[in-house]
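Could you slot chain R onto chain Z? The hints should help.
The chain contents come next:
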Amino acid sequence: MDKFFQPQTTRTSQKQQKHVATPEAQPWVEKYRPKTIEEVASQEHTVAVLRKSLMSSNLPHMLFYGPPGNGKTSTILALSRQLFGPDNFRTRVLELNASDERGISIVREKIKDFARQTPRAITTSSDGKTYPCPPFKIIILDEADSMTQDAQAALRRIMETYARITRFCLVCNYVTRIIEPLASRCSKFRFLPLAPQSAETRLSQIATAESIPLSQPVVRTLISTSQGDLRRAITYLQSASRLALVSQPREDITVRDVQEIAGVVPDAVMVDFAGVIGVEVEREVGEDGMEVDEKPVQGKAKGFDDIRAKVREIVREGYSASQLLLQLHDMIILHPTLTSRAKSKCALVLAEADKALCDGADEELWILEVGVRVWKAVSDSR
Amino acid sequence: MSLWVDKYRPKTLDDLHYHEGLSTRLKSLADSPDFPHMLFYGPSGAGKKTRIGCTLRALFGQGVEKLKIDQRVFLTPSKRKLDLNVVSSNYHTEITPSEVGNYDRVVIQEILKEIAQTQQVDMNAKQRFKVVVLNDADSLSRDAQAALRRTMEKYMTNIRIILCANSTSKLIAPIKSRCLLVRVAAPTFQEMKTVLEHVAKKEKFDLPETASHSIIEDSNGNMRKALLVFEALKMQSTDLSGPLTIAKPDWETYCYKVADMILQEQTPQRVMDVRAKLYELLSHCIPPTVVLKTIADRIVQNVDEALKADIMHWAAIYEVRMRNGNKKIFHLEAWVVKVMSLYKHFFYDIDMTGFDDC
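Chains as they are written, first to last, in our numbering: chain Z, 2 to 383; chain R, 517 to 874.
These aren't lab readings, by the way, just hints derived from the structure by calculation. Warning: the hint list may mix true and false statements.
[To be verified] The calculated lysine-lysine pairs, modelled on BS3-like cross-linking and capped at a C-alpha distance of 27 Å, are: (1) R:Lys-717 - R:Lys-750; (2) R:Lys-717 - R:Lys-527; (3) Z:Lys-32 - R:Lys-670; (4) R:Lys-854 - Z:Lys-377.
So here's chain Z without its partners, still in its complex pose (with noise of 0.2 Å):
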């Protein structure tokens, strides 16, 4: 959506007013989208259909699915910019994405009458290049698994009389939310969750890009806490570097701004928490020495009382309480100790804590509950 509006809004503020939307200001996301289907990272198998569609300048209707942050809005933007250039991105493209303005009644509206519309060519284009422009417009439906269901069946219809004329493409994360007749009308294209290699390609030229130092333990840090999630990952960066700028003296990025961005609990604390409900966890020394203090963790599980005193004081540190069960999990699956046993009773007690807190339970109640229960099935374990 942003790329639809962007260029007007820019172009006519830009008369009035110089200082409106600076290149600063702009989002990272957005600023380095792929502008062509050859930038798109690591989706060999799709990018190569697509490259053939592109020669011969038809194309079927879409369906893109995939987890978030993998490429799918940048496929088909930049495609239809090679498709069409600058010039009749415009009139040709209608790209609609969040779930508030997507009822039935904008199906039968706006899709309708824009699907309706003949297009109309302008043969030369303002920077030189010649492009295929086919004789049809292209309608995105971006997060098409958030529309109801009664607007997706209205578009069966559509889809189909306006054929001639009209493509659409539709992207989602779940396929199974998007209903069976018009998955049917499409074909589909899986997107696969990123390689870290090529992320790490990714945020490293965008980091010589914005002449911005990055160290490869910061890189790692990013791609580890975004989970396969390239948008989260370079909107991090941003934030990171942000804050890196404009701090007195100028300071690289650390693992650690990453990390109190994204919200991570620090490993230290993990590390304390999990010693004081009895998961024995080995120290490594932190990226830059610091984090870590020399203290030997005391092995040994502790009462109630500890685990109490300890829950509140990461509770008043203002750590968010799901963000500390994933880590936790983590910790504990991965544990190379603990038994099968104790490890699946660890599982159960997280499963139903992550479901108390999405029914909005109280934070505090339900860390020291994982803790307590934790910390009796190690003990039972052993």
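Same frame as chain Z, now just chain R:
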């Protein structure tokens, strides 16, 4: 005369007493050309609001302190009228969307769009954008958050949003990834002491060590509570010497009484008595979660080690049920009975395994 909490609330980022690292960051962010959307989170009384106020002041100068309060009326699609208090200055607007409960989406859409679509008219303003502060962001409904998401991207040139929440658990990921997360931890013992001493110095009297200790112990990291208690104590005895008794709030002593009642006797008659007391508490608008937590806290202080974990376990379980359910009192009572039976069985040493899961 205003309360000390307000009187000595820091006005600028330089005046803040603790979290210096955070303050310098906020200051440089306010000076830099791109100010992001922000999300402040942390326990209550840690100073989130104060920091937001200081940041606004750093962004726009003194103008933000000229506040006016409006009552706005909104119309839902189903033609229901909603009233909402809006605090605003020329540069920012502050709303608490949870005031209107389920209809917060309407408010978010209307207010934000209205503000976002107009540009800053004051040509002397330091920034070209306006700021909207949303309090209590963690009680925003899903719909409202989804609506926010779109607005945050689209109107980035005209508007910045500052969210203020207790925890980030209840915010959807897209919102979190669009904001700069700022964690405001509760102040430590030493930090609170500095603040108290600062206030004492401004009020021109000496603060004895023992007094500040007991105030801080009592406040449990809540700066606002500490200052209020401090002022109350000062009213009681002017020199703050001798043994101080920090008056507990009524409901807290009442909760303690209930806890003691549960432990003294476990009979159906006692359940009825407790029930009456619980009703009393609820009818005075004490949130049921707070009641449950306070009683549970008190009980685990006075029981055997083996029982503590179980009592907290059931407290956690019944708390969730209470949230999902409709009648709070049912679940409170159920928990009380559960605790009583646990306690009694523990003493008579009856095997409980058959009754464990209900």
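Q.
Can you confirm whether the C-alpha distance between R:Lys-854 and Z:Lys-377 stays at or below 27 Å?
A. Holds, at about 21 Å.
Q.
R:Lys-717 and R:Lys-527 were given as a pair; does the straight-line alpha-carbon distance stay at or below 27 Å?
A. Satisfied, since the Cα-Cα distance of roughly 18 Å is no more than 27 Å.
Q | Agreement of Z:Lys-32 and R:Lys-670 with the hint, judged by alpha carbon distance not exceeding 27 Å | A | Given that 27 Å is the threshold and the Cα spacing comes to 15 Å, the pair holds.
**Q.** 27 Å Cα cutoff - pair R:Lys-717, R:Lys-750
**A.** holds (13 Å)
Consistency note: the structure conflicts with none of the earlier hints.
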